[in-house]
Amino acid sequence: MPLKELPIEAAPLAGAMPAFYASIPAGELRGLCEQARARKARLVALWGSDETQRRAGYALHLALAFPSGLLWVSVPLSRDDPRYPGIADIYPAANRMQRATADLLGIIPSADADRRKWLRHGAWPEGAFPLRKTVESSARFAQGPDRYPFVPVEGEGVHEIPVGPVHAGTIEPGHFRFSIVGEKILRLEERLGYTHKGIEKRFEQMTLEEGAKLAGRVSGDSTVAYAWAYAMAVEGATGTEPPPRALALRGILLELERIANHLGDLGYLGNDVALSFGFFQFWRLKEDLLRTHAQLFGHRYLMDAIVPGGVAKDLPRVAGESLTAHLERIEREVVTLKSIYDEHAGAQDRFIMTGQVTPALAERMGLTGLAGRASGIARDLRVDYAIPPYQQLDPRAASHTRGDVAARVAVRFDEVFESMRLVQALVQQLPPGDIRAPVAVAAAGARGLGWIEGWRGEVLIALETAAANRIHRLHPHDPSWQNWPLLEHAVHGNIVPDFPLINKSFNLSYSGVDL
Amino acid sequence: MYQLLKQIAKTGIVSEPAPLPDAALRQLEQRLGQVILKHFGRALAIRHVDAGSCNGCELEIHGVNNPYYNIEGLGIKFVASPRHADMLLVTGPVSKNMEEALRRTFAATPEPKLVVAIGDCGCTGGIFGEGYASRGRVANVIPVDVAVPGCPPSPLDIIQGILTAVSGLRSSQASR
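Here the protein sequences come in this chain order: A and B.
Each residue of the first sequence is one higher than the one before, starting from 1 at the first, in my numbering.
Each residue of the second sequence is one higher than the one before, starting from 1 at the first, in my numbering.
FYI, nobody ran anything at the bench for these hints, they're computed from the structure.
Yeah, the Cβ is synthetic: ideal placement off N, Cα and C, and Gly gets one too.
It is possible that part of the hints are untrue.
So the derived label-pair ranges between C-beta atoms look like this [said to hold, decoys possible]:
id: 1; chain 1: B; residue 1: L20; chain 2: A; residue 2: A386; range: 30 to 40 Å
id: 2; chain 1: A; residue 1: G155; chain 2: B; residue 2: V79; range: 43 to 53 Å
id: 3; chain 1: B; residue 1: L20; chain 2: A; residue 2: P12; range: 58 to 68 Å
id: 4; chain 1: B; residue 1: K10; chain 2: A; residue 2: R115; range: 38 to 48 Å
id: 5; chain 1: B; residue 1: L20; chain 2: A; residue 2: G155; range: 38 to 48 Å
id: 6; chain 1: A; residue 1: A325; chain 2: B; residue 2: G73; range: 54 to 64 Å
id: 7; chain 1: B; residue 1: P143; chain 2: A; residue 2: G493; range: 39 to 49 Å
id: 8; chain 1: B; residue 1: L20; chain 2: A; residue 2: R396; range: 46 to 56 Å
id: 9; chain 1: B; residue 1: P110; chain 2: A; residue 2: T336; range: 27 to 37 Å
id: 10; chain 1: B; residue 1: P143; chain 2: A; residue 2: E210; range: 29 to 39 Å
id: 11; chain 1: A; residue 1: P145; chain 2: B; residue 2: P110; range: 43 to 53 Å
Facing chain B, according to a computed beta carbon distance under 10 Å, are these residues of chain A, among others [claimed, not checked]:
id: 12; residue: R115
id: 13; residue: R116
id: 14; residue: H167
id: 15; residue: A260
id: 16; residue: N261
id: 17; residue: K286
id: 18; residue: M303
id: 19; residue: R329
id: 20; residue: E333
Dumping the calculated DSBU-like pairs for lysine-lysine here, alpha-carbon to alpha-carbon at most 30 Å [as the list claims (entries may be wrong)]:
id: 21; chain 1: A; residue 1: K504; chain 2: B; residue 2: K6
id: 22; chain 1: A; residue 1: K184; chain 2: A; residue 2: K213
id: 23; chain 1: A; residue 1: K338; chain 2: A; residue 2: K213
id: 24; chain 1: B; residue 1: K10; chain 2: A; residue 2: K504
id: 25; chain 1: A; residue 1: K338; chain 2: B; residue 2: K77
id: 26; chain 1: A; residue 1: K338; chain 2: A; residue 2: K313
id: 27; chain 1: B; residue 1: K10; chain 2: B; residue 2: K38
id: 28; chain 1: B; residue 1: K6; chain 2: B; residue 2: K113
id: 29; chain 1: B; residue 1: K38; chain 2: B; residue 2: K77
id: 30; chain 1: A; residue 1: K117; chain 2: A; residue 2: K184
id: 31; chain 1: A; residue 1: K184; chain 2: A; residue 2: K133
id: 32; chain 1: B; residue 1: K38; chain 2: B; residue 2: K113
id: 33; chain 1: A; residue 1: K133; chain 2: A; residue 2: K40
id: 34; chain 1: A; residue 1: K504; chain 2: B; residue 2: K38
id: 35; chain 1: B; residue 1: K10; chain 2: A; residue 2: K338
id: 36; chain 1: B; residue 1: K113; chain 2: A; residue 2: K338
id: 37; chain 1: B; residue 1: K113; chain 2: B; residue 2: K10
id: 38; chain 1: A; residue 1: K213; chain 2: A; residue 2: K4
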């Protein structure tokens, strides 16, 4: 059947989210992307795969979000010369994804693309491609030299500040190269990939059942979102239908994860403008919530609570009531803290007009998730594709347009309150029945997609199965891929001491993109 | 301002008592003398290094600073540079892309120093294990005094690991 928005033959993909699959020749890739872009479709992910053991060559894959659903496009490439025309001029967010795909699989965009390495650093030599099937999981490479051509900025009084990979605070590792004049930032260039630990290769050594635990550790702060996306992908590929009660419980878990992360960020955003009161208050509330998680679901961060087929632990009626009561207590305190933040002249002075991403820039570059919703990109999977359990809840997407730190703070406050409403509604309407369905056996070559609005933005899992319930290829995709490049823009013209604040206001994942 | 002060007064002091050291967490026989440990115990400066973690352990390391655990109340604080640190708190599996940075951070930390590996991945390599891009456990790269398992370990577990490292308890004196 043709896709609603494009004249392309696409087959519906089984699964919870509306999705389609199409295979096109490399020659049609750019035309498709141009048409998709003209129809305001977002690029959600780009990755590659090795099909040489299936009597083919390699393949490039794209996930594009249309109003009618997600389109998974595969582009078969030859074994001897796996090249394709790059699309980073159409979708700027594709730049780093193309480079990562080249490092891992030797699938290379055309010559005019940015061909600098991204994930490789010195961990394996140029010309070796660890995600190829010919590379055994036991393969080890000697550490090589690591030279990286940062873009130099020259001029009178311009100097560089290199920061990282080991940062001054308790954060993940990455390198930031600032070019500055006086205190003002002229340019920031990010270099990530430091936490690359071979997650995608690891998945290929696992069964569908084993992979659930690893999916929950792609980015530890988004464990629920990844576990749900993984479960959704496996359920789609195997034709498994999770029971309604499990879906409602998943909704509760996902919103609790959102609340916990937003509380933590709101605390740190206070801390970064010297309002340490905010840190201590919000982190007290976050700790209260984490303890409730441990008590009700057996884990402070809800790891492994979602499993393919359903959820691992039920929420009995009494526990649900205590959860609701607990959230009401936290909500009352957040109302108080919000009014303190709103009226604190010092904090607002630092928040407002700092680290701005205008809606026009956000649209052009593909900003997504909570940062997108602070810059006028009113997209939220829970609203745009309201599948159970969100269908009957009428979730509201937060939307602000100023695109500064203050807007990203405001989105977090809005979402904390909305998520609390959603959890309370889900607890009240919890359907009876089982919490887990048996997972059917997958045929080799089955595809499944998981697509979940995590607290940071849309998390995607694209899965293709191998024989014996194993994984042929799995690509986990974090929204930070899209948003990291916008941080480089957001800091323009700001002063260096505001960088930690701006960075925290995005709070992007390193592990989720380094894989 | 009134509201802020009212909130502080209403909250009161929520800090809870610290856990006791646990000799079972010790990996190496204590290398440092009692005199040094006595001083560390009073004012310990920690540099955290994420050597490839999923960020789960980092959440709990943040947690030790929250008012319930209040690690600064024990005289322990996190510092911005390894040159100011007495102890490295290392999470991971150690990715190959972080291996050199971890070695350099260790070298930049003045003697005498302690290393505490945090989390299942730091202890054993965890679910990521060893691979083309992962060196596995922290002890494969730098010497580790105390290893704290958990995915992630709770703030109490982390504080217990830190206190074990500075307690001078030997593993032969198993938890008394």
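Which numbered conditions among the earlier hints are violated in the structure presented, ordered from lowest to highest?
As far as the earlier hints go, 1, 2, 4, 5, 6, 9, 11, 12, 13, 19, 22, 23, 26, 27, 28, 31, 33, 34, 36, 37 and 38 are violated by this structure, in ascending order.
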